[in-house]
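Taken in order, these protein sequences are the chains called A and B. Each residue of the first sequence is one higher than the last, beginning at 1 in my numbering. Each residue of the second sequence is one higher than the last, beginning at 1001 in my numbering.
Everything labelled a hint here was simulated from the structure, so no lab data went into it. This one's a predicted model, so the numbers in the text were calculated from it and none came from an experiment. Using N, Cα and C, we set each Cβ at its ideal position, and we do this for glycine too. Heads up, some of the hints might be wrong.
Simulated restraints, written as ranges between beta carbons of each label pair [to be verified]:
hint: 1; chain 1: A; residue 1: G316; chain 2: B; residue 2: G1107; range: 52 to 58 Å
hint: 2; chain 1: B; residue 1: D1354; chain 2: A; residue 2: K255; range: 35 to 41 Å
hint: 3; chain 1: A; residue 1: K255; chain 2: B; residue 2: G1112; range: 47 to 53 Å
hint: 4; chain 1: A; residue 1: G316; chain 2: B; residue 2: D1010; range: 38 to 44 Å
hint: 5; chain 1: B; residue 1: Q1347; chain 2: A; residue 2: N228; range: 36 to 42 Å
hint: 6; chain 1: B; residue 1: D1010; chain 2: A; residue 2: K255; range: 54 to 60 Å
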Amino acid sequence: MEYLSDIASLINSTLRISTPLVFAAMAGLFAERSGVIDFGLEGKMLAAAFVSAVGSYFFGNPWLGLFLAIIACVGLSMLHGFASVTHKGDQVVSCVAINILMIGLTTALAAAWFGQAGLTPTLGNDERFLEITLPFANSIRDVPILGIIYSDILSGHYIFVYIAYLIVPVVFWIVFKTSFGLRLRAVGENPSAVDTAGINVFSMRYKALAINGILIAFAGAYLSTAVNANFFREMSAGRGYLALAALIFGKWHPKTALIACLLFGFTDALQIRLQGVELPTIGTIPVQLIQAIPYVLTVILLAGFVGKAMAPKAIGQPYIKER
Amino acid sequence: MVSPILELKDINKSFGHVQANKNINLIINKGTIHGIIGENGAGKSTLMSIVYGLYQADSGTININGKNVKLKSPRDSIINGIGMVHQHFMLVENFTVLENIILGFEGELVFGKNLEKAKKNLRNICDTYKLNIDLNSKISDLSVGFRQRVEILKSLYRGAEILILDEPTGVLTPQEVDELFKILRSLRDEGKTIVLITHKLIEIMDLTTVVSVMRQGEIVGHTKTENTNKEKLAEMMVGRSVLLRLDKSFAKRGDVIFKVKNLTVKDDLGVTRVKNVDLEIHSGEILGIAGVTGNGQTELLEALSGIRKVDSGEILLEKIKISDSEKFLDPRQLKEKGLAHVPEDRQRMGLVTDFKAYENLIFGYHDQKSFSSSSILNHNDILAHSKKIMKEYDVRPQSPHLITSNFSGGNQQKIILSRELNENPKVLLVGQPTRGVDIGAIEFIHQRLIDMRDKGAAILLVSVELDEVLSLSDRILVMFDGGIVGEKINKNVTDRELGLLMAGVV
Chain A
1 MEYLSDIASL INSTLRISTP LVFAAMAGLF AERSGVIDFG LEGKMLAAAF VSAVGSYFFG
61 NPWLGLFLAI IACVGLSMLH GFASVTHKGD QVVSCVAINI LMIGLTTALA AAWFGQAGLT
121 PTLGNDERFL EITLPFANSI RDVPILGIIY SDILSGHYIF VYIAYLIVPV VFWIVFKTSF
181 GLRLRAVGEN PSAVDTAGIN VFSMRYKALA INGILIAFAG AYLSTAVNAN FFREMSAGRG
241 YLALAALIFG KWHPKTALIA CLLFGFTDAL QIRLQGVELP TIGTIPVQLI QAIPYVLTVI
301 LLAGFVGKAM APKAIGQPYI KER
Chain B
1001 MVSPILELKD INKSFGHVQA NKNINLIINK GTIHGIIGEN GAGKSTLMSI VYGLYQADSG
1061 TININGKNVK LKSPRDSIIN GIGMVHQHFM LVENFTVLEN IILGFEGELV FGKNLEKAKK
1121 NLRNICDTYK LNIDLNSKIS DLSVGFRQRV EILKSLYRGA EILILDEPTG VLTPQEVDEL
1181 FKILRSLRDE GKTIVLITHK LIEIMDLTTV VSVMRQGEIV GHTKTENTNK EKLAEMMVGR
1241 SVLLRLDKSF AKRGDVIFKV KNLTVKDDLG VTRVKNVDLE IHSGEILGIA GVTGNGQTEL
1301 LEALSGIRKV DSGEILLEKI KISDSEKFLD PRQLKEKGLA HVPEDRQRMG LVTDFKAYEN
1361 LIFGYHDQKS FSSSSILNHN DILAHSKKIM KEYDVRPQSP HLITSNFSGG NQQKIILSRE
1421 LNENPKVLLV GQPTRGVDIG AIEFIHQRLI DMRDKGAAIL LVSVELDEVL SLSDRILVMF
1481 DGGIVGEKIN KNVTDRELGL LMAGVV
């Protein structure tokens, strides 16, 4: 039975590790479907992690921290929109600026406010989110199979984890079953068609960016007020880029993007699990090699298996009315 | 008296220094097909974009059914019963027909009841006007003709009473044009009003009740179609009388200066596209090559101009071999030897459309002493040259700093032509010189080619427009399936004779 619990804990950590990727990928989906490249997921995630940790610390309430992080991220998305939608600047450059600015700003502000470069004070239990044990989790643990699924896989996560996986079908529903979704997809494919249908292209893109800001805030807050109890320097650690890769791998579709996120989460969970494990005949695999698995996988998937990535046609192009 | 369905009063619109519309007054009556004709850049599309709410006029008023309306966005226009079919279709290619049509007018936040209603509604419209469109097909799977119908259906679904069509036939085959005209007539019979923007005289004569002529941003006349004819309209459009048929003297033929022997050329996929072609061009002569698109003309031109490798055979310029299967001169070396080329695809090969006009005006000749010294461009000289040449070739607007893509097709072609002709080449290769070019510019371009011929140049003209080949050439070769299938002296030859050769029948 021991391998069963091994599998259960592997799945459990896959769900945890994938959570910020799922939020970020869904955030990116809204921006990119509207035709705005979002390379800035990384910087926004970092900003959200910082703001929510600081907010929780000052106000003693993680929800308030999350709320402030949402404001910060929506603000950054609007900044991105102002530069690249209103003023038709280069979208990638605008994102890179946000990313670099956030690395520096979070470190500097932490130093100024708390005297430690890039570190915020540790949050107490009532200042952060805690793991939720689902009802009866302990009592039905011994039921075969079902017990393991319920108690060891589904139970015991932070609230973010549940929200993340519930949000994917919601995103699917919004994008494909509502008029907002139709307009969102249209504006990323052919903004002229949207304009001549009497819909404001710019306001559509700003709306998409606002949703993008809200979603990415959850990813950041999860890192600093749930799985960790403080903010530390560059704690997003490339998850924004990884989520973007998952989005592309998932062809800008919520379902496949989710699968890609889970795949990346799984390889990460696996590499943690494999560290120090002695395999028969091979012996211990060097940690560095194992840690490289998720990245190697990313490169292989993106290079070879995506096939023709069908990006939204108008992505990266500022909308200019034809003369 | 019933008020007109659409009335424009004193509309003005400028883009920067360019006044696109000047004091436009226009009355359009219900149930008519109203033509608006003018050359490219005359301001027709701008005017209709104002009516459709895409642009706002700087001044002037718009009345619909006698009531003053403010059209601040396409939405306002759509609500006021105006629909527009743009020259470039406003469709999302990976959406279905249905999705494209309801976009912006879904009528509900979450798709459900109204979607079903929309489908029923659309099927009714399709039946009424015999549009025959499957609502569930993807746009990318539809032919150009069907996409246009989707645009018409979209406008009708949104309640259009006035339907504006901007150059609707430019992308259609003759059969599709017939179908479109049938639909437009049945729309008119149902009481809809149609505004047809075009620069094709024949369409105006064929379809419209009333026609307004625009020139350089102004309306220069309104007339009932039955009271006018093609020649009169052309004259109004251009502002002077236009020769719809070219008047030219006989060629004073000199020696052979360009000779092609047994030329065979393969395309990028390795398919032989030009097969054992022999031809000679004398100085002072225009040799026309007629043929249906895709019979090797493109590859022939590319090989002759040094862009494509020759597979076998040879090309001689003034008795000196310039290309065979072993070696060939590149376009730059050919230019130095006096061979100029006006390529078929002007936007892809003839111009860098993102560059400014003055850059394109010297491109390929930029390292000449008059434009640069030791690799550094002399801006003042180039600008002076550009201004002079733009005036000489009547390129409009005459602003060397304007980005080339902002010029109309005809003016882009004049930029290329002026660049190539300015060097007085001995041999000129011209592909599709007037494709997508308005009649005023066509006349101008044709006249320039004749002038070049009279100065002693040897000109090879490749065109899929049979009329063009017939009116310009002194001698005509017909190409079919990569080979020359006939040669005719252009005297008493008819288009029927050439048509049979082109079809490979004879």
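**Item:** CB-CB spacing for D1010(B) and G316(A) relative to the 38 to 44 Å hint
**Value:** holds (41 Å)
**Range hint compliance [Cβ, D1010(B) to K255(A), 54 to 60 Å]** = holds (56 Å)
**Asked** For the pair Q1347(B) and N228(A), does the Cβ-Cβ distance stay inside 36 to 42 Å?
**Response** Since the Cβ atoms of Q1347(B) and N228(A) sit about 56 Å apart, the hinted range of 36 to 42 Å is violated.
**Message:** Assuming the hint says 47 to 53 Å, is it satisfied by the Cβ distance from K255(A) to G1112(B) or not?
**Reply:** violated (22 Å)
**Message:** Taking 35 to 41 Å as the stated bounds, is the beta-carbon spacing between D1354(B) and K255(A) within them?
**Reply:** At roughly 39 Å between Cβ atoms, K255(A) and D1354(B) fall inside 35 to 41 Å, so the hint holds.
**Item:** Pairwise beta carbon distance, G316(A) to G1107(B), judged against the given window 52 to 58 Å
**Value:** violated (32 Å)
Of the numbered hints stated above, those contradicted by the structure are hints 1, 3 and 5, listed in ascending order.
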